[in-house]
Every structure is written in structure tokens, then in C-alpha cells.
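Undergrad: In case you want the letters, here they are:
Number of protein chains: 2
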Amino acid sequence: MREFKRLTPYRDAFNMMINDIEELQNVEEMLLDGALGRVLAEDIHAPIDVPPCDRSAVDGYAVRAEDTFQAREYSPIKLEVIDEITAGMESKEEVTNGKAVKLMTGNKMPKGANAVIMQEMVKREGNTIYVLRPVAPGQNVSFKGEDVKKDEVVLKKGQILRPQDLAILKALGFKSVKVKKKPLVGIIVTGDELIEELNEEELISGKILESNSAMLKGLIREYFGEPHFYGVIPDDEAKIKEAIERAKRECDLVLITGGSAFGEKDYAHKFVKLLFHGTTIKPGRPVGYGERVFVMSGYPSAVFAQFHLFVKYALAKLVGANYKPVTIKAKLKNKVASSLGRHEFVKVYYENGEVLPIKKKGSGIISALVESNAYLIIPEDSEGHREGEEVEVVFY
Amino acid sequence: MREFKRLTPYRDAFNMMINDIEELQNVEEMLLDGALGRVLAEDIHAPIDVPPCDRSAVDGYAVRAEDTFQAREYSPIKLEVIDEITAGMESKEEVTNGKAVKLMTGNKMPKGANAVIMQEMVKREGNTIYVLRPVAPGQNVSFKGEDVKKDEVVLKKGQILRPQDLAILKALGFKSVKVKKKPLVGIIVTGDELIEELNEEELISGKILESNSAMLKGLIREYFGEPHFYGVIPDDEAKIKEAIERAKRECDLVLITGGSAFGEKDYAHKFVKLLFHGTTIKPGRPVGYGERVFVMSGYPSAVFAQFHLFVKYALAKLVGANYKPVTIKAKLKNKVASSLGRHEFVKVYYENGEVLPIKKKGSGIISALVESNAYLIIPEDSEGHREGEEVEVVFY
Numbered sequence: 001m002r003e004f005k006r007l008t009p010y011r012d013a014f015n016m017m018i019n020d021i022e023e024l025q026n027v028e029e030m031l032l033d034g035a036l037g038r039v040l041a042e043d044i045h046a047p048i049d050v051p052p053c054d055r056s057a058v059d060g061y062a063v064r065a066e067d068t069f070q071a072r073e074y075s076p077i078k079l080e081v082i083d084e085i086t087a088g089m090e091s092k093e094e095v096t097n098g099k100a101v102k103l104m105t106g107n108k109m110p111k112g113a114n115a116v117i118m119q120e121m122v123k124r125e126g127n128t129i130y131v132l133r134p135v136a137p138g139q140n141v142s143f144k145g146e147d148v149k150k151d152e153v154v155l156k157k158g159q160i161l162r163p164q165d166l167a168i169l170k171a172l173g174f175k176s177v178k179v180k181k182k183p184l185v186g187i188i189v190t191g192d193e194l195i196e197e198l199n200e201e202e203l204i205s206g207k208i209l210e211s212n213s214a215m216l217k218g219l220i221r222e223y224f225g226e227p228h229f230y231g232v233i234p235d236d237e238a239k240i241k242e243a244i245e246r247a248k249r250e251c252d253l254v255l256i257t258g259g260s261a262f263g264e265k266d267y268a269h270k271f272v273k274l275l276f277h278g279t280t281i282k283p284g285r286p287v288g289y290g291e292r293v294f295v296m297s298g299y300p301s302a303v304f305a306q307f308h309l310f311v312k313y314a315l316a317k318l319v320g321a322n323y324k325p326v327t328i329k330a331k332l333k334n335k336v337a338s339s340l341g342r343h344e345f346v347k348v349y350y351e352n353g354e355v356l357p358i359k360k361k362g363s364g365i366i367s368a369l370v371e372s373n374a375y376l377i378i379p380e381d382s383e384g385h386r387e388g389e390e391v392e393v394v395f396y
Numbered sequence: 001m002r003e004f005k006r007l008t009p010y011r012d013a014f015n016m017m018i019n020d021i022e023e024l025q026n027v028e029e030m031l032l033d034g035a036l037g038r039v040l041a042e043d044i045h046a047p048i049d050v051p052p053c054d055r056s057a058v059d060g061y062a063v064r065a066e067d068t069f070q071a072r073e074y075s076p077i078k079l080e081v082i083d084e085i086t087a088g089m090e091s092k093e094e095v096t097n098g099k100a101v102k103l104m105t106g107n108k109m110p111k112g113a114n115a116v117i118m119q120e121m122v123k124r125e126g127n128t129i130y131v132l133r134p135v136a137p138g139q140n141v142s143f144k145g146e147d148v149k150k151d152e153v154v155l156k157k158g159q160i161l162r163p164q165d166l167a168i169l170k171a172l173g174f175k176s177v178k179v180k181k182k183p184l185v186g187i188i189v190t191g192d193e194l195i196e197e198l199n200e201e202e203l204i205s206g207k208i209l210e211s212n213s214a215m216l217k218g219l220i221r222e223y224f225g226e227p228h229f230y231g232v233i234p235d236d237e238a239k240i241k242e243a244i245e246r247a248k249r250e251c252d253l254v255l256i257t258g259g260s261a262f263g264e265k266d267y268a269h270k271f272v273k274l275l276f277h278g279t280t281i282k283p284g285r286p287v288g289y290g291e292r293v294f295v296m297s298g299y300p301s302a303v304f305a306q307f308h309l310f311v312k313y314a315l316a317k318l319v320g321a322n323y324k325p326v327t328i329k330a331k332l333k334n335k336v337a338s339s340l341g342r343h344e345f346v347k348v349y350y351e352n353g354e355v356l357p358i359k360k361k362g363s364g365i366i367s368a369l370v371e372s373n374a375y376l377i378i379p380e381d382s383e384g385h386r387e388g389e390e391v392e393v394v395f396y
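Chains A and B supply the protein sequences, listed in that same order.
All residue numbers for the first sequence refer to full-length UniProt numbering, where the first residue is 1 and numbers rise by one.
All residue numbers for the second sequence refer to full-length UniProt numbering, where the first residue is 1 and numbers rise by one.
Each hint should be verified, as a subset may be incorrect.
Each computed BS3-like pair below joins lysine-lysine, with the alpha-carbon atoms no more than 25 angstroms apart [claimed, not checked]:
hint, chain 1, residue 1, chain 2, residue 2
1, A, 331, B, 282
2, A, 333, B, 329
3, B, 156, A, 359
4, B, 324, A, 324
5, B, 149, A, 359
6, B, 331, A, 333
7, A, 123, A, 156
8, B, 360, A, 156
9, B, 282, A, 144
10, A, 92, A, 78
11, A, 144, B, 149
12, B, 360, A, 150
For the chain A half of the interface with chain B, some residues (derived, Cβ under 10 angstroms), not all of them [what the hints assert, rightly or not]:
hint, residue
13, 14
14, 18
15, 32
16, 136
17, 191
18, 353
19, 368
Bear in mind the hints are in silico, worked out from the structure with no lab data behind them.
Ideal Cβ positions, reconstructed from N, Cα and C, are used throughout, including at glycine.
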């Protein structure tokens, strides 16, 4: 009767794992065009002020605000237009009392002017404008540095680059950016029962179509990594040893599925010095970690939970990503029960502020993964939640 | 005084746009490995039951449950082990009363057996096992079709493929899958004031570093499309006309930034038959749409709102994606005001169930986009929300 004599509490196991993972220092320079979703390897300091000078925020007339204070729709103020410039041009004229310069959005404010009247707010006749409403000093002006100040840190090392981050980089004149190289993550799938081709006869006689590799490749890509699949390795001690040693040499992180339990044919844990093996999580209890290797379950549903409870954080730390899953509050549509002592990963379907637990018996069940879009955790000291209770969920 | 005489209410503008967009029928066959994030072009019917037969869900002994009903730790029941099989094998023996077959997780249930005893629950001596606890009929058995039934639709046309969806496809024997081709989205940026290289002198004299293309490329990639950038086109009527005509010929959707207002140099709307031009949204009021072309603002912040309020839905419809942004409830940390008649897109920073509005003056402000991670909408008939109110937000 071999079994997990002691299950390591999830939080302890997590801490051992995360403390063992060290951030990789491999950096590559990427053009902005290829940097979406990548992790910034350096702080970005603004090389310029944005805007770089005081600018008009509208199409209109640069004036001295005090000239307009008495302007009313039925007693307009007359000003003389002394210059007109178009987009990207600069006026050499100085705006003095009684004068105005016509300009466009983004134009540098002419000397002397301190406000801009929108063109819709004036009537124009030849070189005269009739101002219908007053403007305040500073009105319709974008001031130097009001968006970004020179030397300010606009993006921090670890930022996962989004479209708007690429925009600010481009607005500051960057064409490329230093990002972390994607960690190479080896996937080793073990099991004599696994087949790769649909064959109904073999399936009925007890074989199983291997699916963990497809899921893990997708998860690794979603969480900062580049997968490398070493194929299905039969339950042969020497072959498993060889595959693990090769993957450890070639990859930054290794995931082995199907060899984590203590069945007679589960060899994986023999070749890796594990910091823990067997935790309180459910599903996925037999998970183990050591030497940048995770030994994981064979069941897809258990592997999925092990990935979300451990592996994604390991990947985030390897690339130094500023990653924290967003937790949101939602109302539970059905009660959900859990055993004391289990850190339970419950698949749920979130919609409109409510979550429905997707409970199906058996950790072999893939359809529950497909029907859910988020998870909630019931920690070791809780027996679950009642219908209608508020819970915290995380989207996949 | 030209202006938008009538602003089309957001909801009306949205409906005109979405009703005009037609789903593209271009399909490509992708290996599962390249299908992450792609949109399924067909319903997927299960070609097999999963499991394909009744199977053991654990490593242990297949028995007739009734033989074990009297088993107790201090008065175990004796059974004879008549066969042993390993992963992927099938036993040819029949389990009758008093007999057991040793098997592993996933093995087909032998004839006659109706339950499996976990190996930890027995003591073994030679070919005899001592059963310490009873098992119920069906216990530790995965029944044929309990995960997926043959012919059942497991994934629907329009599904955006996630790692777990790829896993179920692989578990059903699929090696590739039909997905929608990515729509090609042309980006035309207009404006004489725009430069592509950092040049402080030019910036101070009124030029602006172009950044919309970087943002739009990223957004298009995040929302099902493939961007194609036609570069910065000067404010020249003939050149803009030519670029629009070329992009309309070559692309499935065209986004033009910087030519949507009614300034003298805003030509874009002259060459596209717009269904609407000028809406109640803020920022981004001058947005227009017609003939698979969006005319958008020059300001990145306005373009960003226009993308999230209109363009992402157009892209989802083009590929027939089952896409609906997830709305979540959160508590407002500061009050947020809006004018009646405006459908306001408010950038917020979400953390731990609370949102902080990121309000900065000026629609030219990019830093507010970078500091926020979600948005909320204040519709036309609301003047905003008080501090502490519950609001609905959408993550970028």
C-alpha cells in the first residue's frame, strides 16, 4: 500500500517551487511589430516630453484669453488674424492684444498666445474674426509634458506588452524594444496506453488518445513560453530517464505528464530530485516539482489544474513578468462542496456576475474544461460555499 | 461653422454598422498546433464515445461489488486474482464471484466486473487479495460516453479555440480543424503633422510621432485579424483617395485614422459612403462607418475607444466568432461624471474588485491608456456614478 504519506499543503508546495525558480536573463531586441504579448526586459524612460511643447488641442484661433472675456454671442469681440498655419507647421508671429493666429490641432502655440478658440466659436470675415464666447487662459491648450514628462518611467520591466503600450513606445520614438526571450518548455508525455491516431478497436481495448500535449502547448503559449514536445514515451524506465535528461539539458522548464503517481510504472519521480511530491490540491494531487521539472498527472483535467496552480507562475517568474491573475467577485448559482484539507480547483462558468460550478465526476473529464471559462479555489480550511454566496473567481 | 449637425446615438450607429458587416466565408484547415486563438468554422461532432468503453478510473482490482459489501478493516474479504494487465492492455478473463482482475487506470473493465477497488484498499498475498472496505456497483468505473457521447456537438462554429478546446479535439482523434481565415485589415494613417522618426526639433515645431499604427496593429491581432499598414498618407485629397481605394480592394476591413473630423484637410469621409458620421461616444465622437471602412480620429485615446466600441465587434462578426466581452461588477473608488447625451468610454484601473477611473484631460493623452486595464461605459441617459457605486467594467 504505497501512497502519498504526507500531502504538502498547496501554499507550502507553491512557495518551495517559486523560490526555486530563477528569472532567466536572456533578452532579445524586438521590433514593436513583433512585441505584442512579450515581456519587457527593461524600464522605459521617456526620451522626450509629450507633448514636446505647448500645443493647440483643437482647430481654431490662438489668442490672448483676456481679449475674449467680454465676448458674447450678441456682442462679439473683433480680432485680427495675423497668420494661418496648417498641420505640422509653426507660426513665427507673436500674438499680441487684438490679434489671433489660425492654427490646427497639434500646432505649437505661437508666442504670446495663451488659449485657443475653437473655430466653431467664431465668425470669420476676411482677416477678422468675431469671437462669440470667452475662453479661459490655458483653454484648448495641451501643455508641454502633460501626457508624459521627459525621463519619467512610462513602462516598467516585467510589463506584458499590450497594444496601448506599443503605442506609447512608438509615440516616444522607439522602433524596437528589449524583451525577455521566451523560455523553452519541454513536454514529455508518458504512458503505454496512449495512442496518437484514432483507432476505434484500440480505444475499445483500453488505449487512450493522447491529448495533454495539445493542451499544454496552448497553455505554454498563453503564458509566455515556447513549447517543445518530446512525444509520447512508453513506460520504460531507461527511455523515460533518457527523455528527462535530454529535456533538462535543452529546455528552461520541463513538464512530464502521466508519471507522477506511485503506480509501478510511474518512473518520472525517480529521476528528478523533487522538492515536494503530492500536495493538497484537487484534482492534481500527485504533482511534484524539483530541478525545473514538474511531474504531473495523466488526466487532462488534473494537468489543467496543476498548470494553473503551479506552472503558469513558474513561467511568469522565468520571464520576470509582472503577472498576477485578476480575481473577480461573483455570485455562486449552485452550492459547491469540498473536503477539509483539500485546496480544490473548481471549474465554473461565469456569466453576468454569476458563476455556475461545472461539476462532473472523474478527473478524466475533458468536457468540463471546455464548458467552463474560469475557476474558483476552495482552500484547505473550507468545506465549500452555499448557493448565492459571493466567491472570487479567476478567468482561464 | 461646419460641425456634426446631428450625433447618431451610439446604439443606433452600432446597429447600422453591425448590420452592414457580413461574415466572411474563407476557411482554412489548420493543424491543432497552429489553431490556438483561431475561430472554428464548423461544428465539431464527436466521432467516438469518450470513454469508448467502460474503464477503470483507478489502479486497482476489478471485482463484483456484491462480493465486497461485508468487507471491514478487521474482517477482510478474500478474493482470488485471476489476471493482471498493464496500461493499454485488455483482460480476456471474466470476473465471477470471488474473483478479481488487477488492472490500471484506463483499462477496459473485464467482463463480469462492475466496480474497481483502489489498490491502496487491499492487502495482497500471492494471488489472494484481502479487501478492507466495500465498494458500490459502478465505483471507480468511468462509463462509456460519460465524458462525451458519440455524435454530440462538443464545440460550436464560432468558438475561439482555447488550450482545453485543442485538448478535446485531440482526444477525439482530430489532427487539424477548419478555422476562419483571418480578415486582412488595412490601416491608413493620415496627417501632414505626423513623423515616423524621433526628431526633437521637428517635434518642437509642431510635428507628432505617429503611434496609432502600432496600437491598431496590436488591437487587430488581439481581435481575430491580420493588420496591413499602408503607411502615413499626407493630407492630400488625391493621395488619400488612392490609398482608400487600394485598401478597399485589398482588405476585408479598412481603418483610417486622422481624417474623420470636418477640418478642411479631413478628406477621408469624402471617398466613403458613410452610414453614420459623428456619434454620441466620448472620446471618439467623429467616428464614421460605411462600405467596410471606419473613419477614425487622429488621437490615440479616441481611436482606442472607437476600436473597443465598434471595430472589435466588426472583426468578430467578419469571422463569425462567438465573442461577447465579459462584463464584471466592481466598486467605484472615485466618482465619475459624464454629460447627458454622451456614451462615455471611461478608462479605469481594476484591482481586487474595485476600479479607479483614470481621468486625464485631453484626448491626446496616451499615458491614461497605459495606466488603465479596463473600461466602463456611462450611457447617454446617465450623468455618472457616485464613489462607492457598483459599476460594470470590461477588461481590455
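Undergrad: Look at each hint and say if it fits the structure.
TA: A quick look at each hint next to the structure:
In summary, the hint linking residue 331 of chain A to residue 282 of chain B is not supported, as the alpha carbons are separated by about 32 angstroms, beyond the 25 angstroms threshold. As the CA atoms of residue 333 of chain A and residue 329 of chain B are separated by approximately 16 angstroms, the hinted pair is consistent with the 25 angstroms bound. Of the pairs offered as hints, the one joining residue 156 of chain B and residue 359 of chain A holds, with about 21 angstroms between alpha carbons and a cut-off of 25 angstroms not exceeded. For the proposed pair residue 324 of chain B and residue 324 of chain A, the alpha carbon gap of about 24 angstroms is at most 25 angstroms, so the pair holds.
Restraint check for residue 149 of chain B and residue 359 of chain A: satisfied, since their Cα atoms lie roughly 17 angstroms apart, inside the 25 angstroms limit. Straight-line distance between C-alpha atoms of residue 331 of chain B and residue 333 of chain A comes to about 21 angstroms, which keeps the hinted pair within the 25 angstroms bound. Note on residue 123 of chain A and residue 156 of chain A: the hinted pairing is violated, with a Cα-Cα distance of about 48 angstroms set against a maximum of 25 angstroms. Distance check on the hinted pair: residue 360 of chain B and residue 156 of chain A sit about 21 angstroms apart at the alpha-carbon level, within 25 angstroms; holds.
For the given pair, residue 282 of chain B sits about 24 angstroms from residue 144 of chain A by alpha-carbon distance, which is consistent with the 25 angstroms threshold. Between residue 92 of chain A and residue 78 of chain A the alpha-carbon distance is near 22 angstroms, which keeps this suggested pair within the 25 angstroms criterion. At most 25 angstroms may separate the alpha-carbon atoms for a hinted pair to count; residue 144 of chain A and residue 149 of chain B exceed this at roughly 65 angstroms. Straight-line distance between C-alpha atoms of residue 360 of chain B and residue 150 of chain A comes to about 18 angstroms, which keeps the hinted pair within the 25 angstroms bound.
Taking 10 angstroms as the C-beta contact cut-off toward chain B, the hint placing residue 14 of chain A at the interface is violated, the least distance being around 20 angstroms. Annotation: residue 18 of chain A was flagged as interfacial toward chain B, and the flag is violated, the nearest CB pair being 21 angstroms apart, outside 10 angstroms. The restraint placing residue 32 of chain A at the interface with chain B holds, with a minimum CB-CB distance near 5 angstroms, inside the 10 angstroms limit. Interface hint status for residue 136 of chain A: violated, as the beta-carbon distance to the closest one in chain B is roughly 13 angstroms, over 10 angstroms.
For residue 191 of chain A, the interface hint holds, since its Cβ comes within 10 angstroms of a Cβ in chain B; the closest pair sits about 6 angstroms apart. This hint holds: residue 353 of chain A has a C-beta 5 angstroms from the nearest C-beta of chain B, less than the 10 angstroms allowed. Evaluation of the residue 368 of chain A hint against chain B yields a held restraint, the C-beta minimum of about 8 angstroms falling below 10 angstroms.
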